[in-house]
Amino acid sequence: GEEVAQTPKHLVRGEGQKAKLYCAPIKGHSYVFWYQQVLKNEFKFLISFQNENVFDETGMPKERFSAKCLPNSPCSLEIQATKLEDSAVYFCASSQMDGGNSPLHFGNGTRLTVT
Amino acid sequence: AQSVTQLGSHVSVSEGALVLLRCNYSSSVPPYLFWYVQYPNQGLQLLLKYTTGATLVKGINGFEAEFKKSETSFHLTKPSAHMSDAAEYFCAVTSDTGGFKTIFGAGTRLFVKA
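Protein chains in written order, with the working numbering: chain A, 1 to 115; chain B, 1 to 114.
What the hints contain is simulated information worked out from the structure, not anything from laboratory work. From a predicted model like this one, the values you see are computed outputs, not experimental measurements. It cannot be assumed that every hint is accurate.
To be verified - Restraint ranges, calculated between C-beta atoms of paired labels, are given here:
1. T52(B) x G16(A): 46 to 54 Å
2. G14(A) x S70(B): 47 to 55 Å
3. S3(B) x V38(A): 12 to 20 Å
To be verified - Cross-link-like lysine-lysine pairs, in silico, DSBU-like; alpha carbons within 35 Å at most:
4. K113(B) x K9(A)
5. K44(A) x K101(B)
6. K44(A) x K49(B)
7. K101(B) x K18(A)
8. K44(A) x K58(B)
9. K49(B) x K27(A)
10. K69(B) x K113(B)
11. K113(B) x K68(A)
12. K69(B) x K9(A)
13. K69(B) x K68(A)
14. K9(A) x K68(B)
Said to hold, decoys possible - Only part of the chain B face toward chain A is listed, based on derived beta-carbon distances under 10 Å:
15. P31
16. L46
17. F100
18. T102
By construction, the Cβ of each residue, glycine as well, lies at the ideal position given by its N, Cα and C atoms.
Make the full structure from the sequences, and use the hints.
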């Protein structure tokens, strides 16, 4: 598609439950990025993919967070055993990334609320 | 390492007045610089980008930004604010190294008064 599609828009989980977020990148974009936005600012980089391969995972809290981008499937970000501090809006972005000058195309985000 | 500093978390202007949002960056390699805008309940939209060449970059909605290497700045301006410009603005930096990771500033919320 021509837009990055993120589902669901809203997700509510009790502390300790699992949360799974999905992202369909723009067709033809080979790079996918996940960002976490807390308190309506501060975009924190989590992980990036080049096609189905992890490209950079330096921002991932590895104990509870995992992500995948499999062929012919939406990308996913999964949080095991959610904590209150995981409450945030999670944004997915895709890019052609033929260099660092390629802009990111963002989805509208998934708002995760952990209660 | 790269970083971005946006001066002023909130900026308020009157409709028709000049908009100036400040951004300074730090990068050990030639940077690519971006301004994005975020409207409520939406993701970021690209306003403009600087790669190489002309230092004055024009973007959408009448915005422009000037790359000043000597000042490591990339301030965003618009000659005349419109009510519809009220939003959150993010400056960002990336490069051809470091895994193409885009680093964002903390954002500046622009308020436009009638």
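Hints and how they fare:
no. : hint                        : verdict
1   : T52(B) x G16(A): 46 to 54 Å : 50 Å, holds
2   : G14(A) x S70(B): 47 to 55 Å : 53 Å, holds
3   : S3(B) x V38(A): 12 to 20 Å  : 18 Å, holds
4   : K113(B) x K9(A)             : 31 Å, holds
5   : K44(A) x K101(B)            : 11 Å, holds
6   : K44(A) x K49(B)             : 20 Å, holds
7   : K101(B) x K18(A)            : 27 Å, holds
8   : K44(A) x K58(B)             : 27 Å, holds
9   : K49(B) x K27(A)             : 22 Å, holds
10  : K69(B) x K113(B)            : 33 Å, holds
11  : K113(B) x K68(A)            : 45 Å, violated
12  : K69(B) x K9(A)              : 40 Å, violated
13  : K69(B) x K68(A)             : 38 Å, violated
14  : K9(A) x K68(B)              : 39 Å, violated
15  : P31                         : 8 Å, holds
16  : L46                         : 5 Å, holds
17  : F100                        : 5 Å, holds
18  : T102                        : 6 Å, holds
This entry does not satisfy hints 11, 12, 13, 14, going by the numbered hints stated previously.
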